[in-house]
Amino acid sequence: MLISELQIINFRNIAFLRAAFAPGLNLIHGPNAQGKTNVLEAISLLVTGRSFRTTMDREMIPWVRDTYEATLVRARVEKRSGEERFMLTFNQSEKHVTINGNPIGRLGELVGRINAVLFTPSDLQIVRGGPAFRRRFLDVELSQISRRYLFCLQRYDLALRQRNALLKMHQSRPNLRQELFPWDAQLAEHGAELIHARQRMVAQLSQLSASAYNRISGGSEGMKITYQSQTQPGDDDDIGTIRAKLEQALAKTQAEDIRRGATSAGPHRDDFTFLLSGRDARDYGSQGQQRSCVLAMRLAELKIMEDATGECPLLLLDDLMSELDESRKRAFMECLDRRIQIFLTATERELVVSHVKPDMIFHMDDGTLREDLIAS
Amino acid sequence: MAEKFPEPLERLINELSRLPTIGRKSAQRLAFYILKCPREQPLALARALEQLHERLGFCPRCFYIATGELCSICADPGRDASQLCVVEEPQDVAAFDKPGAYKGLYHVLLGRLSPLQGVTPEDLKINELLTRIKDPMSRVQEVILATNPNVDGDATALYLSRLIEPLGIRTTRLGLGLSIGSSIEYADELTIRKAFEGRREL
Ligand SMILES: Nc1ncnc2c1ncn2[C@@H]1O[C@H](COP(=O)(O)OP(=O)(O)OP(=O)(O)O)[C@@H](O)[C@H]1O
Ligand SMILES: [Mg+2]
Ligand SMILES: [Zn+2]
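Protein sequences appear in the order of chains A and B.
The working numbering puts the first residue of the first sequence at 36, with every later residue one more than the last.
The working numbering puts the first residue of the second sequence at 29, with every later residue one more than the last.
Just chain A, with the same shape it has in the complex (with noise of 0.2 Å):
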């Protein structure tokens, strides 16, 4: 899958942009605050329709808007299927997909069209922040490949909602039990699907980053990722028998969660971890070994991706280089399939260039996006 040519108009400080891109590694670089990570955002804006710096798109529209009317992304996005084309517009009170010239009923028809792998700085966050970064991460993640998976998280959320109500506001009914039961019972209906996928996408992802990990690292800690469930599944569990668990669990700790009045088992409350050399990566790895976990784990998940759509996904790297030491960074580039088509973005031209040669290289400046015509 690829991007042959995009055009941006009133988004941030781009007032207006246009470019085709290259099959393979597209370079953007410039000085800080010129505006290439607004070109990664404004691309993600069309793989999910939202974007992955800010849940208000207000913020996206451009701070001088004498003759603003809208915002617009558009893409030609090349598929093996062939080529489909995805225009978003918003401003201040609407917000429009067309895909092909036909609109489309809801923002979540457009998930898994485009399908892409971002890494930007703040994913550190995915090995040092809290446990809901990392659900989010696999809620996502696994939302993309299967639609299945995003009807059962939302009727899980809801009926969680709703038990959650029942405990806290209707504490003291005499058959609160009874009243618990088909909450409970829907808990552990789409939970245990939640488990199930989450547990065997962390497997997935574990045994594809361990190798990405050594390659880039250059040693050979021996990486993995493990998920952390209070269900305590077994790595063969069926559905069945998780949600058999997961009805166990729910039982056992409903005298608590009456008295807590929240809900304390299920995968609302599951985790996973990063392990290298057997040790917590969030406590004990260094810096530049927390952003290789993310990095590695990225790399398996381009592949995971690949695997269930047939397609190879847009890998979307801002600002890598400033991340990483010289080998790491030789190390990551090299591993970098060249089928992939990669917008990576970088303060200086040089910090690529001495490693790999672009297929394309642009210049950011203020907003305007021109393409390097300086040979490499």
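Derived from the structure by calculation, the hints contain no laboratory data.
Keep in mind the model is a prediction, meaning the values are calculated, not measured.
There's no promise every hint is true.
Below, a list of computed lysine to aspartate or glutamate pairs in the DMTMM-like style, where the Cα atoms sit at most 20 Å apart [to be verified]:
1) K53(B) to E129(A)
2) K131(B) to D151(B)
3) K203(A) to E291(A)
4) K64(B) to E82(B)
5) K203(A) to E38(B)
6) K203(A) to E214(A)
7) K153(B) to E214(A)
8) K364(A) to D318(A)
9) K259(A) to E214(A)
10) K203(A) to D151(B)
Assemble chain B with the ligands onto chain A, guided by the hints.
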């Protein structure tokens, strides 16, 4: 701040904006429209509103809408009293009651379980349902749980099945011919018929 209009207009706007999906803005638009109408039209509306509660009520047996003592369905002797279809709202009865799809009786809960919105079992016509099927004169052999196929509707169905099964009565759930997230109210005839045919044990 919302601007104030002369009292009669303000009162109409207030009343209109209490209706579901009508905000203050739409209420204003409607009120001004009504003000401009020839006098007969708003008077006809007022009469319709007045008579709604005078001439219509809920059936005391199944809580569907009724003009007389019982609703037209409960009053119909040709109905199959061995089947009872439980729905959330009166409009669901209208959606289900298509010729050839279902000939049994109904029971309207007038809502669905939702602790978030403060709706718990005693807010629904659940006790009335249990009394109805426990009645020695009752001929009900199967209760078809036809609440909406979403989280709240499923919870309501599960809750009811737990109460009904110990009475030795078969409970079934409508087949998921209904697409995800859709509501019964808007289902077409074919979907309804398929849903009844595909019903399964709970
Ligand atoms: N809504 C907006 N309207 C106009 N300009 C904006 C808006 N939001 C952000 N900007 C500007 O966009 C620029 C930041 O762009 P971006 O984050 O893409 O920079 P960058 O080139 O990636 O820099 P760095 O190398 O520091 O990461 C800043 O100059 C910022 O002032
Ligand atoms: Mg940046
Ligand atoms: Zn009736």
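### Query
In ascending order, which of the hints set out earlier in this document are inconsistent with the structure?
2, 4, 5, 8, 9
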